[in-house]
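Listed below, chain by chain, are the residues.
There are 2 protein chains.
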Amino acid sequence: MSNDIYSTYHLYPPPQLSEIKTTVVYPATEKHLQKYLRQDAYLICETGEDYKNITLPFIQSQSFSIQWVYNILEKKAEADRIIHENPDSSNGFILIPDFKWNQKQLDDLYLIAICHRRGIKSLRDLTAEHLPLLRNILQEGKEAILKRFGVAGSQLRIYLHYQPSYFHLHVHFTALSYDAPGCSVERAHLLSDVIDNLELDPQYYQKRTLTFALRADEALLKKFQEAGKA
Amino acid sequence: MSNDIYSTYHLYPPPQLSEIKTTVVYPATEKHLQKYLRQDAYLICETGEDYKNITLPFIQSQSFSIQWVYNILEKKAEADRIIHENPDSSNGFILIPDFKWNQKQLDDLYLIAICHRRGIKSLRDLTAEHLPLLRNILQEGKEAILKRFGVAGSQLRIYLHYQPSYFHLHVHFTALSYDAPGCSVERAHLLSDVIDNLELDPQYYQKRTLTFALRADEALLKKFQEAGKA
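Chains as they are written, first to last, in the UniProt record's numbering: chain W, 1 to 230; chain H, 1 to 230.
Honestly, the hints are just simulated from the structure, not real lab data.
Being a predicted model, the structure only gives us computed values, none of them experimental.
One or more hints might be untrue.
Copies of the same chain look alike in the list, so a pair counts if it fits in one copy or across any two.
What the hints assert, rightly or not - Straight-line C-alpha distance at most 20 Å; calculated DMTMM-like pairs for lysine to aspartate or glutamate:
{"hint": "1", "residue 1": "Lys229", "residue 2": "Asp193"}
{"hint": "2", "residue 1": "Lys207", "residue 2": "Asp193"}
{"hint": "3", "residue 1": "Lys207", "residue 2": "Asp196"}
{"hint": "4", "residue 1": "Lys142", "residue 2": "Asp40"}
{"hint": "5", "residue 1": "Lys229", "residue 2": "Glu143"}
{"hint": "6", "residue 1": "Lys104", "residue 2": "Asp40"}
{"hint": "7", "residue 1": "Lys121", "residue 2": "Glu218"}
{"hint": "8", "residue 1": "Lys229", "residue 2": "Asp196"}
{"hint": "9", "residue 1": "Lys223", "residue 2": "Asp40"}
{"hint": "10", "residue 1": "Lys121", "residue 2": "Asp88"}
{"hint": "11", "residue 1": "Lys52", "residue 2": "Glu218"}
{"hint": "12", "residue 1": "Lys229", "residue 2": "Glu218"}
Whenever a hint applies, use it, and build me the whole structure from the sequences.
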């Protein structure tokens, strides 16, 4: 059974695997149940203005707890699972296996890099200022995975989610051969593309229209509908 | 059994479906067999220069036949399957159900828009000059699918592949709820993003590094390896 403070990890769409795996979410709240029920999804085209007027106020109005992230960063939890750490408070991060990966085979390799710096909620907050952090994650993350698991960078899909599952910047590392949940074009953004875009325009992610899917029951969808944008 | 001139349609990775479907490829060449065998894949980061020096000469050296595409555009084949046509020779296109979709249910809706204009090999050839064509495909494609199948644009994933399966510009329309093959971030490019990028920089796709996966047996991988780029 999973500790509820990690429930965010377990709330991803269930992965499609050739062997049956189960994830026990306990205690399961109404929100967990809704997440697992199949529902219609709608594509949202969020402009920079939509983010400021709709999404950001919504995020701020919610009490999303990310204490479990801080517990990892402060070594109060999961310290024995850390694969790599760059301890720099501005440009450092912790690399840790995702809970969906049992580490027994490389087919569904899945790790997460969590940045030390606080307050970067998502892709939308990134500017050229964050390039050293992002380059560290890309370079050191690949090196650490090669060293520990023998998987080369050319066999890794390295990306951010937008919308993310939790609002503290993190980067996904999955095996390229693994059809990982959330790696489709309407949710995943390759870290190498993010770096190139910020080099092209430091305000790229403040201005750019970002497209993502929301399920019919998600409160953010209602906000977009109320604003006449969905 | 499929006609060999359409084999390109059938050479996609087989879709993951809850019901069993089969695609018979006959006659099956060595190339077909290789495509269906599970193989390691490698991520290539193709710069604009790499495209000019490695990929473009490779494409030009191959005798990829796209006569089957011209047959559709000239109504010599498939004319009864056309869902929508804009006949303009510069900015028009034909919208047709993909062969992987049997049209019996909307869960795995899959259509292809094929542009009338010849000589646009892929995303790499697109410039601001092609914006009217791309906007027509986005707008009219959504309208036609709503009218014929009752599926709204907000429930469609509309994207290009890079690398594509064949070198005549085409756009994929799949149901958002369908985990379609080839919609992951390392292959799919949302049409709305492509339009935004060309509006931002008319030469975006000539200059930009594009990331894609190649299987171990693909001849293009060998070309990148020989150039010391993979």
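Structure-based check of each hint:
In the homo-oligomer, the alpha carbons of Lys229 and Asp193 lie at most 20 Å apart only across protomers (18 Å), although the nearest pairing inside one protomer, at 27 Å, exceeds that limit. Taking CA atoms no more than 20 Å apart as the test, Lys207 paired with Asp193 passes in both settings, with 16 Å inside one copy and 13 Å between copies. Taking identical chains as interchangeable, the C-alpha atoms of Lys207 and Asp196 lie at most 20 Å apart whether they share a chain (15 Å) or sit on different chains (11 Å). Within a single copy, Lys142 and Asp40 get their C-alpha atoms only as close as 36 Å, which misses the 20 Å cut-off; across copies the closest is 18 Å, which meets it.
Taking the shortest Cα distances, Lys229 and Glu143 sit within 20 Å of each other only across copies (18 Å), while inside one copy they are farther apart (43 Å). In the homo-oligomer, the alpha carbons of Lys104 and Asp40 lie at most 20 Å apart only across protomers (19 Å), although the nearest pairing inside one protomer, at 34 Å, exceeds that limit. Only within a single protomer do Lys121 and Glu218 lie at most 20 Å apart by alpha-carbon distance; the minimum there is 19 Å, versus 40 Å between protomers. For a Cα distance limit of 20 Å, the shortest separation of Lys229 from Asp196 across copies, 18 Å, qualifies, whereas the shortest one inside one copy, 29 Å, does not.
Proximity of Lys223 to Asp40 under the C-alpha cut-off of 20 Å is restricted to the intra-copy arrangement: shortest distance 17 Å within a copy versus 43 Å between copies. Taking the shortest Cα distances, Lys121 and Asp88 sit within 20 Å of each other inside one copy (19 Å), while across copies they are farther apart (46 Å). Proximity of Lys52 and Glu218 under a CA criterion of 20 Å is satisfied intra-copy only: 19 Å inside one chain copy versus 45 Å between copies. In the homo-oligomer, the alpha carbons of Lys229 and Glu218 lie at most 20 Å apart inside one protomer (15 Å), although the nearest pairing across protomers, at 44 Å, exceeds that limit.
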